[in-house]
Amino acid sequence: MKKILILSFFLLITSIQAQTHRFIYELQYKMDSTDAMNEKLNMVLDIGPKEVKFYGQNLAITDSLNKKFGMNSEYTDMSGQIVKRKINSFDHENYINIKQGYYSFKTTDKINWAISDETKKTENYHLQKATSKFGGRSWTAWFCKDIPFNEGPFKFRGLPGLIFELSDTKRNFIYTLIKSQKLPDNYSTESFVESNFGNKAIPINEKQKYKLSMEFYNDPFAYERNTFSKTNNDLKININGKEIRNIDELNTQTKSMQEVIRRYNNPLEINKALHYPK
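Reading the sequence shown from the start, the letters are residues -18 to -1, 1 to 260 in mature numbering (1 follows the signal peptide of the UniProt record, and there is no 0).
Just to be clear, a hint being listed does not mean it is correct.
[To be verified] Quick list of simulated restraints, FRET-style, between CB atoms:
id, residue 1, residue 2, range
1, N220, Y169, 33 to 43 angstroms
2, D128, L256, 34 to 44 angstroms
3, T122, A255, 19 to 29 angstroms
4, N233, N70, 42 to 52 angstroms
5, D99, I221, 51 to 61 angstroms
6, E206, E56, 13 to 23 angstroms
[As the list claims (entries may be wrong)] Distance condition first, Cα-Cα at most 20 angstroms in a straight line; then the derived DMTMM-like pairs of lysine to aspartate or glutamate:
id, residue 1, residue 2
7, K218, D201
8, K182, E172
9, K182, E75
10, K81, E56
11, K237, D201
No lab work stands behind these hints: they were computed from the structure. Heads up, the beta-carbon is just placed ideally off N, CA and C, and yes, glycines get one too.
Between the sequences and the hints, there should be enough to build the whole structure, so can you do that?
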């Protein structure tokens, strides 16, 4: 486990109230379950006086740079792991980008833990093992009773201490705590969690989410298709660095994109994975 920076004694002597405690996790994940190597991404767990939020660190970095330099940059988080919940709750507000839209939907995600007597020492922290099943996967967590938060990455919570390490048995998803910070109590994520840099999240349900996702899969370049005119021979569209000059070329690009979507269909909650037609 990487050295945990700034995870210091203040957590034990500072009142939890009126503070936002930020914990940074390194997430190693496989976009394709058959991949030999993992991708890496830093994720943020913010524990505030009333709410807990989890999201990609690049969102916070982009927002900070925008405010500092008066920029209007955007960042699209495709981790599928942007969530918000009340303290001590398993009820989540999920946020997701689909097509050109930003949406939110509600889920209840109760996790039942089996706490083991097995312990280990990492750096100067005593960790205890717990296991659970969630999202169609089996999980092992290592938590620290000395850190008084019953929270952890993504939707994983409910243990008598902060989760330091978490992974599924097939190691498709591996979380490691690497850093902590203490932030002002009024730290706002309004511009990049509850909205996506100007696009406020549109409330939907899981059935609508499925419909939107399938619509995107069936025609991932619907916007570009609508701009095409078969009679306009001068129209050219650039998609991922490739120049598209007609509908036939767009259809070929669509099939390639669909292959990519099918290949990288390895969400954390595998029991909710979409079954895309070929």
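Checked hints:
1. In this structure the hint that N220 and Y169 lie 33 to 43 angstroms apart at CB holds, the actual value being about 39 angstroms.
2. In this structure, D128 and L256 meet the distance hint of 34 to 44 angstroms, their C-beta atoms being roughly 41 angstroms apart.
3. Range check, T122 to A255: about 21 angstroms between beta-carbon atoms, so the 19 to 29 angstroms window is met.
4. Checking the proposed 42 to 52 angstroms range against N233 and N70 shows it holds: the Cβ atoms sit about 51 angstroms from each other.
5. For D99 and I221, the hinted distance range of 51 to 61 angstroms is satisfied, since their beta carbons lie about 55 angstroms from each other.
6. In this structure the supplied range 13 to 23 angstroms holds for E206 paired with E56, their Cβ-Cβ distance being about 19 angstroms.
7. The straight-line distance between the Cα atoms of K218 and D201 is roughly 18 angstroms, inside the 20 angstroms bound, and the hint therefore holds.
8. The straight-line distance between the Cα atoms of K182 and E172 is roughly 9 angstroms, inside the 20 angstroms bound, and the hint therefore holds.
9. Taking the CA atoms of K182 and E75, the gap is about 14 angstroms. The hint holds against a cut of 20 angstroms.
10. Using a Cα cut-off of 20 angstroms, the hinted pair K81 and E56 holds, with the two alpha carbons roughly 15 angstroms apart.
11. Under the criterion of a C-alpha separation no larger than 20 angstroms, the hint pairing K237 with D201 is consistent with the structure, at around 9 angstroms.
Going through the hint list in order, the structure satisfies each hint without exception.
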